[in-house]
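Numbering (UniProt numbering), first residue to last: 1 to 257.
Worth flagging that the hints you see were computed from the coordinates, not collected in a lab. All residues carry an ideal CB built from backbone N, CA and C; glycine is no exception. Check the hints yourself; a few may be wrong.
Using C-beta positions, here's what the derived DEER-type ranges look like [to be verified]: (1) L219 / I25: 43 to 49 Å; (2) W152 / L220: 23 to 29 Å; (3) L108 / F170: 24 to 30 Å; (4) G218 / W152: 38 to 44 Å; (5) L103 / A78: 45 to 51 Å; (6) R19 / S208: 25 to 31 Å.
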Amino acid sequence: MLALPAGWWSWKRRGELRRHHWTLIGLLVFGGWTNVAFMLALVHGEVVRILLLFYLSPVWAIFAARIFLREAVGWRGALAAALAVGGSALVVSHGQGFSVSDLSTNDLLSISSGFAFALSNVVLRADEALGDMHRATSVWWGCVLLALPFVWFQPWPSLSPMQYPYLLGFSWLWIAGATLAIQYGVARMPVSVSAVIMPFEVIVGALSAWCLAGEKPGLLEVLGGVLILSAALLQITRSQQHPVSLGGVDMEKGGLQ
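Using the sequences plus the hints, can you model the full thing?
Written out as structure tokens, the structure reads:
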């Protein structure tokens, strides 16, 4: 529902896509796999375990930025990544550990999703000239193409006619808005910053569960939230010390030190 009209929009403006072919391919592959693998793992696996493994993505992103974009990590970047991962682990696992030596297919899907997410952030930062809508279109088409092989193994959902308008509204107002926001924000900040800020959604998820499902967060969840916010604050404070203007947006120069 999103890929078709977005693809038509991009096709009419295909002249803007010159010299961006590799970026589009990278977003199609990495962005598409991020969503497909994560949803498959989340549907069929243990939610806490899947979230925990996915939120190792800040570690992958910081090292990928160092290798491909030459962004300095420094002690602040390393500390922020450690805080984010540790905080995410506390929030989503309630302090329960897991065995790395006993990874299931769903675990591997989640890990690969986080790794693909980190690489898609690198692709966005490497090509800041490509429009946000073109980026989102590439990700949506990646989801379609990479999800097609899995359709043969999934039963067709039985929805009533009254449920389709809700599905359409959810796709356009929620998924489309989130995707465009990510494309806009990630492309305008260093990978090491975006990779640490993104796990903030864990806090939102915990609060949503508290308000909507009556799941009151415990001490470990609160402590994890403090760690994640501390990591985000550490990165944002560092980025404000060395701003550089890019398309009207102030962002960190080069990387973290």
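Hint by hint, here is what the structure shows:
For the pair L219 and I25, the beta carbons lie near 46 Å from each other, so the given range of 43 to 49 Å is met. Remark: the range hint 23 to 29 Å for W152 to L220 is contradicted by a beta-carbon distance near 41 Å. For L108 and F170, the hinted distance range of 24 to 30 Å is satisfied, since their beta carbons lie about 28 Å from each other. Here the CB-CB span from G218 to W152 is close to 42 Å, well matched to the stated 38 to 44 Å.
Taking the beta carbon of each, L103 and A78 are about 25 Å apart, not inside 45 to 51 Å as hinted. For R19 and S208, the Cβ-Cβ distance of about 41 Å falls outside the hinted range of 25 to 31 Å, so the restraint is violated.
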